[in-house]
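Chemist: By UniProt numbering, the letter at position 81 of the sequence shown is numbered 81, and the numbering carries on one by one without gaps.
Derived by calculation from the structure, the hints in this document are not laboratory data. What you are looking at is a predicted structure, and each value in this text was computed from that prediction instead of being measured. Among these hints, one or two may not hold up.
[Said to hold, decoys possible] Label pairs and their calculated CB-CB ranges: (1) ARG88 to GLU43: 37 to 45 Å; (2) PRO55 to GLU18: 14 to 22 Å; (3) ASP85 to GLU52: 31 to 39 Å; (4) GLU54 to GLU113: 37 to 45 Å; (5) ALA98 to LEU14: 15 to 23 Å.
Even for Gly, the Cβ is constructed at its ideal location relative to N, Cα and C.
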Amino acid sequence: MVPDARYLLAIRTLRPNETTPVSTGSIADELGRSPAAATEMAERLNERGLVEHEPYEGVVLTEEGESRADRLARTYEILCRFCRDVLRIDEYEAEASALVGTVSPDVAERLAEVLLSDEADPSP
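Throw the hints in and build the complete structure from the sequences for me.
Modeler: See the structure below:
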């Protein structure tokens, strides 16, 4: 998975609501990274307008970050279903995670349409 994709998904997953900051320590723990690495990525995402980062407070997704995180989450869900149900991979979440930042939302949606069409909801 592309690093910023991992971070955006982690922030989206960890937040209790859309306005409460997620600590960089929590993000680091979730991703198995050091707090310094999580803080560095938070700053990069902040510079790109994807999060608002307040040192010692945490990060909140911006509107653009929220939109991107939602698309990534949808792609991840589709890839999980594909890897689990079609390819029958035991470690389907790890495989989907490895792919999610490299597959466009258009490809994921087309994949869902073509291969998962018998199921309406691609949530794992």
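Chemist: Does each hint fit the structure? Answer for all of them.
Modeler: So, going through the hints one by one against the coordinates:
no.: 1; hint: ARG88 to GLU43: 37 to 45 Å; in the structure: holds, 41 Å
no.: 2; hint: PRO55 to GLU18: 14 to 22 Å; in the structure: holds, 21 Å
no.: 3; hint: ASP85 to GLU52: 31 to 39 Å; in the structure: holds, 38 Å
no.: 4; hint: GLU54 to GLU113: 37 to 45 Å; in the structure: holds, 41 Å
no.: 5; hint: ALA98 to LEU14: 15 to 23 Å; in the structure: holds, 20 Å
Violated hints: none; the structure is consistent with every hint.
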